[in-house]
Structure formats: C-alpha cells, structure tokens
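Student: Here the structure of chain B is known, so what remains is to put chain P in place on it, guided by the hints.
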Amino acid sequence: MKSMIEFAGRLDQVSAGMRWIRAVAHSAGLPAKQVNALDLALEEIVTNIIKYGYDDEAEHMIQIDFELSSTHAQLRVMDDAKPFNPLQVEKAQTLSSLEDVKIGGLGILLVREVMDVVEYSRDGDRNVLVMKTLREPDE
Amino acid sequence: MQIQGVKENDIFFFSIMGRLDTQTYTDAEKQMMAWIEAGNTKMIGDLSDLEFISSAGLRVLLYAAKTLNQQGGKMVLFGVNDQVNEVFEVTGISNVIDITTSKDGAFSLFN
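Here the protein sequences come in this chain order: B and P. Under my numbering, the letters of the first sequence match residues 1 to 139, in that order. Under my numbering, the letters of the second sequence match residues 1 to 111, in that order.
A couple of the hints might just be wrong.
[Claimed, not checked] Derived SDA-like pairs (lysine to any residue); straight-line CA-CA distance at most 20 Å:
| # | chain 1 | residue 1 | chain 2 | residue 2 |
| --- | --- | --- | --- | --- |
| 1 | P | Lys66 | B | Phe66 |
| 2 | P | Lys74 | B | Leu87 |
| 3 | B | Lys2 | B | Phe66 |
| 4 | P | Lys30 | P | Asn9 |
| 5 | B | Lys33 | P | Glu29 |
| 6 | B | Lys91 | P | Glu89 |
| 7 | B | Lys91 | P | Arg59 |
| 8 | B | Lys33 | P | Glu86 |
| 9 | B | Lys51 | P | Glu29 |
Since the hints were made in silico from the structure, they are not lab data.
Looking at chain B on its own, in the form it has when it is part of the complex:
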C-alpha cells in the first residue's frame, strides 16, 4: 500500500498533512500507537522544516509518501529547505528540573524515540528523511 501528498511549506498547511497521515495509517490497519507515532513524527519534522528551513520568501513544497510493507510502515519526507540532518542534532537531554527547562530540541528527540528507524540523505537540493515504525509479527 502506498499513498502520497504534497503541500506548500507553510504552517497553515500542516493540518492537511496530519489529517492525511491519520487517514492513511488508519486504513492501513495500524494500531493506535503507530498511528500516533507517525502523526507525531510527521508534525515535528514538517514544522521544523517550515520554521527553520527556508531562507527566502519563495513558495516551497513538501512531498511526503507513505508505504506499508509486511515488516514496517514508512514515511518519506522530501523538502527543498537548507540541508538539515536531524540525526546530527545533539540529542536533547530529558528534562530534569523546571528551572533548567530548555524548550528547544524536544521535537527532534520525540521523532527519534517514537520511530524505530530514521535515515537522512541529501539528494541534490533536497533533504530526504525516511522514518519507519516496525510492525508486530501478528498484525
């Protein structure tokens, strides 16, 4: 099973992506935990691209495809933002005291924790991020 969506890299477009991934993951028959993990990872990545990735005012597109195999569900996010490898970000520390709370970095931490596999590559002028959640054998 495959599905794809493309939308403009603007914050007011993000909810379309979230509705799409929930609908697709549901119809793929994935359990709620994995639907939520895909939803969360996609929101964090797309928001990050839009907030930090663009250096100009031009219209940019974000392409996402979903693929379900017998072993895993996979999301691939492709954007033309500046090069950004979330795996090279120093892993945010889990919070230990309210006064020390540093508000940044939690989104990327979440992506790395809720997804089983995260792979980054740069393809020409595009970032390509592949995220996988593994399926239980009895699904």
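Tutor: Chain P alone, transformed into the frame defined by chain B:
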C-alpha cells in the same frame, strides 16, 4: 482544541481537549498565561480529553509550570492517555511536573 477553566476555592481547574499541537498551541498558551497573570498560582489540569500532544503543546505546559513555579505556585496534571503519556515519558516532563491518575490525587498534592 478547546480549553476551559474554573476556580474552586483557591485552586484553578482547567481542561484541555482535542489536539494540542502546532496549529493550536498559541491559543492554549494565551489562555494559560492569562489565568496565571490573573493571579492563579495553584492549578490542576484535566487532560482526560486531550487526544494528542506534540512538542509545541509540551512547551505550553512547561512554560506555564515554570512560570507558576517561579511565583511559588504549582501545576499538577491528571488523566493522561497513552499517546500523551509516551510523550511525557520520552521527554521527561513527568520528572518536572507532577502527574496523577485522578483529580483527587492531584488535589491531595495541594494539601
């Protein structure tokens, strides 16, 4: 996302419903900070109908809790679902904000 609150004696109860994410966190943050600026220092949050939270939503809760803490107050949350709980655990928010399973449990932390 919907957010509502009511003061009962000296404790302010609020609930957040739906999705607390990039699309909705600014509305939630404005409301939370307005309640804090109005002088509420003891706050209990009912998250029973919070379906989904992302890091944008976490920031709202952390910022409110931190502000309360600096004013000698406190925030306690209860009723988290599996998705919210996972996000809380992974980020360590449960290390810095008290989370209970029931409203009574939350209430008891103020006595």
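Student: Hint by hint, say whether it matches the structure.
Tutor: Against the structure, the hints come out as follows:
| no. | hint | verdict |
| --- | --- | --- |
| 1 | P:Lys66 - B:Phe66 | violated, 38 Å |
| 2 | P:Lys74 - B:Leu87 | violated, 35 Å |
| 3 | B:Lys2 - B:Phe66 | holds, 6 Å |
| 4 | P:Lys30 - P:Asn9 | violated, 23 Å |
| 5 | B:Lys33 - P:Glu29 | violated, 27 Å |
| 6 | B:Lys91 - P:Glu89 | holds, 15 Å |
| 7 | B:Lys91 - P:Arg59 | holds, 17 Å |
| 8 | B:Lys33 - P:Glu86 | holds, 10 Å |
| 9 | B:Lys51 - P:Glu29 | holds, 18 Å |
Hint compliance for this structure: hints 1, 2, 4 and 5 are broken, all remaining hints hold.
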